[in-house]
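Undergrad: Top line first, the protein sequences correspond to chains A and B.
Counted the way this note's numbering counts, the first sequence spans residues 1 to 243.
Counted the way this note's numbering counts, the second sequence spans residues 1 to 263.
No lab work stands behind these hints: they were computed from the structure.
Just so you know, not all the hints are guaranteed correct.
[To be verified] Within a straight-line C-alpha distance of at most 30 Å, the following computed DSSO-like cross-link-like pairs (lysine-lysine) qualify:
no., chain 1, residue 1, chain 2, residue 2
1, A, Lys214, A, Lys134
2, A, Lys182, A, Lys105
3, A, Lys117, A, Lys134
4, A, Lys105, A, Lys133
5, B, Lys257, B, Lys15
6, A, Lys78, A, Lys105
7, B, Lys15, A, Lys133
8, B, Lys15, A, Lys134
9, B, Lys257, A, Lys134
10, B, Lys257, A, Lys133
11, A, Lys78, A, Lys214
12, B, Lys57, B, Lys203
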Amino acid sequence: MNLRFENVTMRYGQQSALDDFSLSVDKVRCVALIGPSGGGKSTTLRLLAGLEIPSSGSIQINGTEIGLSEPQRLAYRKRIGVVFQAFNLFPHFDALTNVALPLEKVHGYSLSASIEKAESILDQFQLSEHRFKKPAELSGGQNQRVAIARALAPDPDTIFLDEPTSALDPEMTAEVLDAIEKLIEAQKDLVIATHQMGLARHAADQIAIIAEGKLVETGPAAQVIENPQSPRSQKFLGACLNF
Amino acid sequence: MTPHSLLFDSDSDGKSPSIQARVTSFAIALLALSVVLFAAFYVLQYQWNWSSVFRYKAKFLQGWLATLGISSISLIFSFLVGTIATVCYRSRFLPLKYLANLYVELIRGTPLLVQIYLFFYVIANAADIQNRYLVGVLIMAIFSGAYISEIFRAGIEGVGRSQLLSAKAIGFSEYQTFRYVIAPQALRSSLPALAGQTANLIKDSSLLSIIAISEFTLNAQEVNAFTYSSFESFFPLALGYLALTLPIMRLSRILEKRLRFDT
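Full structure from sequences and hints, please.
TA: This is the structure:
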């Protein structure tokens, strides 16, 4: 996967979430975005997922610009998967329908093929027994695994995960980390915004530290975590490792 | 079973009171209300004459059925009108949006009585609509449609932003987002309010009596006039409306409860 942000600025009213942000990532499988909350990680991820349009600047993924027109971005979003911090499953559908409906309505599966595919994916994530339960009847960890299954089901090349474990207790976090492991085994390109240093170090080939709307530092995971160069990343990582 | 436990709800343990407590306490509440009513009529020294009113029971029934029919048909049309108004309100074509907004504000901001007069004597006359039952149904549909549109609007706006983001991320088109994500959730959260609005529609249809539509209230007034009585026919009238609205309000409560458990 190649990613390229060139002078990207993202403003919400007066607030700048990203400020002249540039980042270049070449030929890696998994990128972790780390940094303080409100620093711009989630914005970076939402821009990458084609969910929002930058105020200025250009974003390329694998050599192609993410289109500015809505039809272009809709077509782009159909080829990727997104996992949110708060799962964002549809509360009025059971787990199976949450996974199967996009397959049927967006990806052209027949109803029976979509259900078959959804059942096999839920089975991979040990969720078969829960497939007829609605999100309100599932634990946070189970919900996040359904959300990961939903993102994986249409077989996208790239999956974006926005703080997938931040809303979960340690036990559920472990479940979800196992599920993310499966995405890596399935050879998916991943971009993960996370506070989970273990996940970043273990899964990511490259880490980008983002703070105050700017790229602070980027490089191979082990190198950035063990030997950060800039004072800002030393401060952030120091805080992470102290507690 | 102590007297105390028959009359007081236990501390907030979430359980509803026992059946005996509910029956006893309800009976006391009903008795208190009856005493007040009886006292009021006692002061009036009113001479009851039920037998003359009873002779007109067929007329009551006919009026009640008319109200039931008018309300039912109006309800269907008001859902149609409300849906159209909501769609217009969500339109990106601004004149249509403002038109929908104007409609809702004007209807909600004026008394039904005024609307009935205006619609009946001005619009229906100009449009040459002869059948006054049709006029009645149209008025009620337009009136109630504004409220239903407002309920739909609140329901749609209540669907969380995270749901819309999720639908977008999945690759749903705008139509698919509305069809599979917004509409089902908005409708579910609107159900209690819609049931309440249905009860309102039934009660409000009583005002159609002023344009001589022979519904429940007009029939009751006529019975009063025929029998030279003043109150007797109002009691069956109240009971007749309650027979329609109480079950609906009960349904509204049940829906509200179910909604709470679901989210």
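Undergrad: Now tell me if each hint is right for this structure.
TA: We went through each hint and held it up to the structure:
About 39 Å separates the Cα atoms of lysine 214 (chain A) and lysine 134 (chain A), which puts this hinted pair outside 30 Å; it is violated. In summary, the hint linking lysine 182 (chain A) to lysine 105 (chain A) is supported, as the alpha carbons are separated by about 25 Å, within the 30 Å threshold. Annotation: proposed proximity of lysine 117 (chain A) to lysine 134 (chain A) holds, straight-line Cα distance about 19 Å (limit 30 Å). Between lysine 105 (chain A) and lysine 133 (chain A) the alpha-carbon distance is near 21 Å, which keeps this suggested pair within the 30 Å criterion.
With a C-alpha separation of about 14 Å, the suggested pairing of lysine 257 (chain B) with lysine 15 (chain B) holds against the 30 Å cut-off. Restraint check for lysine 78 (chain A) and lysine 105 (chain A): the C-alpha separation of about 11 Å stays at or below 30 Å, so the hint holds. The suggested pairing of lysine 15 (chain B) with lysine 133 (chain A) holds, with an alpha-carbon distance near 27 Å, which does not exceed 30 Å. Distance hint between lysine 15 (chain B) and lysine 134 (chain A) is fulfilled; the C-alpha atoms sit about 26 Å from each other, no more than 30 Å.
Annotation: proposed proximity of lysine 257 (chain B) to lysine 134 (chain A) holds, straight-line Cα distance about 18 Å (limit 30 Å). For a cut-off of 30 Å, the pair hint linking lysine 257 (chain B) to lysine 133 (chain A) stands: about 20 Å separates their Cα positions. Of the pairs offered as hints, the one joining lysine 78 (chain A) and lysine 214 (chain A) holds, with about 29 Å between alpha carbons and a cut-off of 30 Å not exceeded. Proposed proximity of lysine 57 (chain B) and lysine 203 (chain B) is supported: the alpha carbons are some 20 Å apart, at most 30 Å.
Hint compliance for this structure: hint 1 alone is broken.
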